[in-house]
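S.K.: So the sequences go chain by chain: A and B.
Numbered per numbering that gives the first Met the number 0, the first sequence spans residues 0 to 252.
Numbered per numbering that gives the first Met the number 0, the second sequence spans residues 0 to 124.
Keep in mind that the hints were calculated from the coordinates and are not lab data.
Note that the structure is predicted; figures quoted are calculated from it, not measured.
Treat the hints with care, since some could be wrong.
[As the list claims (entries may be wrong)] Label pairs and their in silico Cβ distance ranges:
1. 54(B) x 61(A): 27 to 35 Å
2. 31(B) x 133(A): 34 to 42 Å
3. 47(A) x 66(B): 54 to 62 Å
4. 69(B) x 61(A): 26 to 34 Å
5. 91(B) x 151(A): 40 to 48 Å
6. 107(B) x 174(A): 24 to 32 Å
Even for Gly, the Cβ is constructed at its ideal location relative to N, Cα and C.
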Amino acid sequence: MADSLERHILVIIPAYNEAANIQRTLAELHSDFPEADLLVVDDASTDGTEALVRAVGVRTVRHPFNMGYSGALQTGFKYAAARNYTDVVQFDADGQHIAAEARRMAREAAEKGTDIYQGSRFLTPTGYPHPFFRKLGTAFFSRIIQWVSGRRITDPTSGLQVLSRRAFTDFSSMYGYPDYPDANLLLDCIASGYVIEETSAAMRQRTEGVSMHGGIIRPVKYMALTLYAILLIILKPGRIAKHSKAVGRGESV
Amino acid sequence: MRLDTMLYLAIGVLYTVSVVRATMRHGIVERESLLWLGLAIPVLVLAMFPKLMDATAAWLGIAYSPSLVFVVCLILLFYVGFRHATQISRLSRQMRELAQRVALLEMERAQGEAGAKTGREEDKR
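The following block holds chain B by itself, in its conformation from the complex (with noise of 0.2 Å):
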């Protein structure tokens, strides 16, 4: 096997076992882990076999052939960038909410016993 083929097989080892140790720590979610795993792992499998990286190449029309692992790990790293923007835009609406009610709870409860203190019934409300 050639040494570049066999950095880039143990790079894929190596970043296999961590995705999976951080995921069985809950560093990261299934879902996401998965899919970091299933989009690294063809990038890796391209690199590894040249033979195959220069077939595919020349069938997309790209004359250097390492330009398309660069091309492919560019298009799934945007697209896991945006994702991520979603991901991100969805938990900031869900903590604000959560954030207000939890707020207003708080107050709620404060006002309920100073409220049970004084014993007046506006204190309560």
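Chain A with its partners taken away, still in its complex shape (with noise of 0.2 Å):
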């Protein structure tokens, strides 16, 4: 039975330059979620970040230079491949994930046997206070997964997830894990059979940093990769299983 065997978590914390927030999110962590392991993935930040989350005594990998957002989960999933964990959790450094929410995503995912859980903040109003842009983008994309592969999906780049041992040791060996793990992953992982479920989960605003959506240029950038991707994933799908399986087989990719 699924919640008579042991599960191992672990909580991957990409963080760039999050000094600002990085101690508080931990200690929230530790009060709310003590039983999962917690791995900062300091992504050559220059604020010392990484000397912060030492000091706490949490434990952290830094990356010899920067390599953004997916870069930094793919490490943690490198991590916990490599060691027993059962499952993982993908959760932001600057505070606006709940760590109580996640502990009680780990536990229903655990139950429900998902490959990919993920939150929404759109699936019952959550009082979540979206920009008006990025509401259009996540709509827009929530759409293109229903018309691609009939998935209801309303908060394609919720950042906080829980993956199975499946699913973050194939995102692990993935040669091509994407920069923006967000639609593209989801349908290419909907054609490989993943079994993806949705959450409500309510998350906090952003108060202090950087997001890494501002601006105009790089939304505008990130709608046409992700488009782009996506037309790549129609026209071969199922590409993800076969290539973490070739690549576990030691084959050129």
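Starting from two chains that each stand alone, build the complex the way the hints lay out.
M.R.: Written out as structure tokens, the structure is:
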């Protein structure tokens, strides 16, 4: 039975220049999600984030140079895959995610046996104040996912996720793990037969620091690249499973 | 359709298919492949529609309209070339950093193993 198996949960916290938020986030995880192991992936921050993490005794790995959010996640996946973790929780360093919600989601994901269990800000109205353009973008990709796969995913860009061992092991060795692992990755996973579910999750608004989706050029680039990636996936589904299997066998990709 | 227009269209389709297939095999990153498609397609459109090329050339004051295609291509290729130069520079820096760290890690590991054999503290340092 799933709930009698011992779960080893790793919370992966990618961090880039989150000195203002990181200790508060870690304290919240420590108190509200004590059974989980924590790993901060410091993406070559320049504001002393790593030292602040060490100061509160949390494990951290520092990149030799900046690789971006998805690179930091993947490093965390490699760490988890090499050890006996059964579940991975993706959790943001900036305080937007709520530790108690993550804990609830981890428990539910284990019970349901999902591969990807996403926390959605829009499944039921949670009062999350979404900027207008971001809302348009999210709705747009939600529509595309529905159109391509028939699945209804209300928050495809949510960073709060619980991944099964199958999922994070596949992602850890995925050569083409995308820069923005959102709608495109979800479609790839749906095509590969992953069990994907959403749950309503409350989140806070960012109080300090810079969001990765700010400005005008970056969102446009993001949309263009994500759409292109989705097109490639439509052309060839099931890439992810084939891919990580090939890498696992040591074949060149 | 004119013969040369058909030729450019065929080249365009072949080119797009090649780029997309290379991307799916991870021979090129999506970001770069989108750039290559985005730059090539306007140039091909100009080549495929001589009237458009003539009109645009006239508007820009270029007497010989095919020159427009050459000029646009050159500017775009300069841009791509420069972009590659900066990417190569960044990659070289990163490679150097990684190589140095790997070298030091291998040395530490070897010393650790040697130190374990002799049991001497200084061999482990």
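S.K.: Which numbered conditions among the earlier hints are violated in the structure presented, ordered from lowest to highest?
M.R.: Those not satisfied are hints 1, 2, 4.
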